[in-house]
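Novice: Here's the letter readout for the chains.
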Amino acid sequence: MSDPQRIAIGRDADIVMARQAGRELAALMGFKGSDLALIATAISEIARNILVYAKRGEIDLSGAEEGGRRGIVVIARDQGPGISNVEQAMRDGFSTGGSLGLGLPGARRLMDEFEIESQVGVGTTVRMRKWVRR
Amino acid sequence: MASDLAGTADKTLAHEMGLDEAAIERRRRLVGLGPEDSKRIATIRDAITQRAEEYAALFFNYLAEVDEARDFMRNRELVEQARRLKIEHLTAMVSGHYGAEYALQRLRLARLYSRAGLEERVFMAAFHHLLRAIGTAAVRAAPEPELGIEAFFSLQKVAFLDLGLMVDVMVAERERLITRQQEAIRELTTPVLQIRDRLLMLPIIGMIDTHRARLLTENLLHAIRANRAKVVVMDVTGVLAVDTKVANHLLQTVAAARLMGAKVIVTGLSADVSQTLVNLGVDLVGLQTIGDLQGGIEEAERLIGYEVFLRDARPNGVAAPLRSL
Amino acid sequence: MSVPILRHGNVLIASIQVAQTDDDLLKLRDRLSEMVGQNRAKGVVIDVTAFDVLDSFATRTLRDIAYGSRLRGARTVVVGIQPDVAFAMVQLGLDLGAVSTALDLDDAVAELSRPPSEVGRR
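Residue numbers (the working numbering), protein chains in the order written: chain C, 30 to 163; chain P, 4 to 328; chain S, 6 to 127.
Just so you know, these hints were derived from the structure itself, not from any lab. Any given hint could turn out to be false.
Quick look at which bits of chain S chain C covers, simulated, 3 or more residues with Cβ under 8 Å [what the hints assert, rightly or not]:
| hint | segment |
| --- | --- |
| 1 | 16 to 27 |
| 2 | 51 to 65 |
| 3 | 96 to 110 |
Interface residues of chain S toward chain C, partial, derived using beta-carbon atoms under 7 Å [unchecked claim]:
| hint | residue |
| --- | --- |
| 4 | Asp89 |
| 5 | Phe92 |
| 6 | Ala93 |
| 7 | Val114 |
Positions of the beta carbon are idealized from the N, C-alpha and C atoms, including for glycine.
The following block holds chain C by itself, in its conformation from the complex (with noise of 0.2 Å):
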């Protein structure tokens, strides 16, 4: 299986570096149309959560193979302020940080597999999968 691939999450331009670096990766995993712009689009979610609320991160990147189906792992990791009450923040539409509410229950909406671990004042890990459609 494919090296993870690591990008460094510290400013504006490395958002679009993931999001993009995602794509290629997805589209070598086998994703097509649409749900490459899914792929991408939730990565830019949560790399912008990383920006925003921790202001550095990293958003780890690998192909994943199970049970005779591909897909892609997207982990992102930083040691920002930590999210104090996580299940509110999962919920659409609330946000603390200006109307970027939709980040992260966004970014689960788009994707198969989502779990996202926080501790106040450690940090923040969102691990999302999403797999080859048949």
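We have chain C already, so just place chains P and S on it with the hints.
Specialist: Chains P and S only, in chain C's frame:
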């Protein structure tokens, strides 16, 4: 090379079915196949391999007599390929080794049967017939009938291992075929029709599940671009079971079309269904609906800028033109 | 990279060719705002054909541009949202609100030429 390609396809199938060494080991244990059995089978090995061609012929002659296998038997090339693989199979059955290689061989044969349309029960009947013949021969060939019977019982375990593998493959292949057919049907039942320049119609019929809604939406959006559509008439008269989920799928389709600059007019939404949706709290604000299809098309034409005139009935037959504003 | 903004009568056309960062989009917003005033433009067309992603930030900025333009008497039309992008947007739950959309430049200019009374009767 054709055989290489086949090999790859078999390996992919094995992977998809989760047939690794561990899984094959489990299958062997399930039928109780162990080293003792291999020893017993060794005693009748030669008797079987020497007559492998004969036994293979038996198998196919049986199929030739079965109505359901007629189509399969008609395909000479396929039958020839199957015959060769069958001889290999019989030789392998008495080899004493039943690991990954053995399983892959079974997969290959099963896929061939599957592609040829041979049904599991027909295959099993022929296999059973073949086994009986081998059993009889085994008993006769052994130094003592008892040893022959024991060897045959061991061979039967291998036969069950085979059956398990082959039936699983044939079922998996059939499911895949059904999925492909369902896709094709979905495609056929969600056609996007261009009824005028820049005017598309999307008649939606049947049940709308998430998968179908997605297909529908994607088709429509691509059609909007390809046809430069300004208006889409989406007729939902034929949609079964309009509930909140279906309504939301349709609303999403409308929203996506709007993003591409195309206006959507929904027709065929009965008063009942509309009321149901309102009661369910579905937000229909902004959705342009018109009762019947005819009305919807007329409104769509008007929006695009067409004016439709009845041809003049004057004697000199001057027709008023269809013009685009 | 600066987005070329052309003038076509009293319509400004911003044709975005290259992937835009958040910052680029904000700069575009400010430039358009200034130019609408300077040129007394009546219409603004933003061509996003080249966008492979229209996420929440881009969507919000487009709406901001439209809002700002309206304050200065100009209507905005976004053109060229691609099928896959439109699909992803609705899946994400994004919408352009009252911002008009059109398939391409021709339609956008036609849309902007329509008398104000026709607007809203879409």
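Novice: Please go over all the hints and tell whether each is borne out by the structure.
Specialist: Status of each hint after checking the structure:
1. 16 to 27: holds (count 4)
2. 51 to 65: Per the Cβ count (7), the hint holds.
3. 96 to 110: holds (count 4)
4. Asp89: Constraint on Asp89 (chain S) satisfied, holds at 4 Å.
5. Phe92: holds (5 Å)
6. Ala93: holds (4 Å)
7. Val114: Status violated, d = 27 Å.
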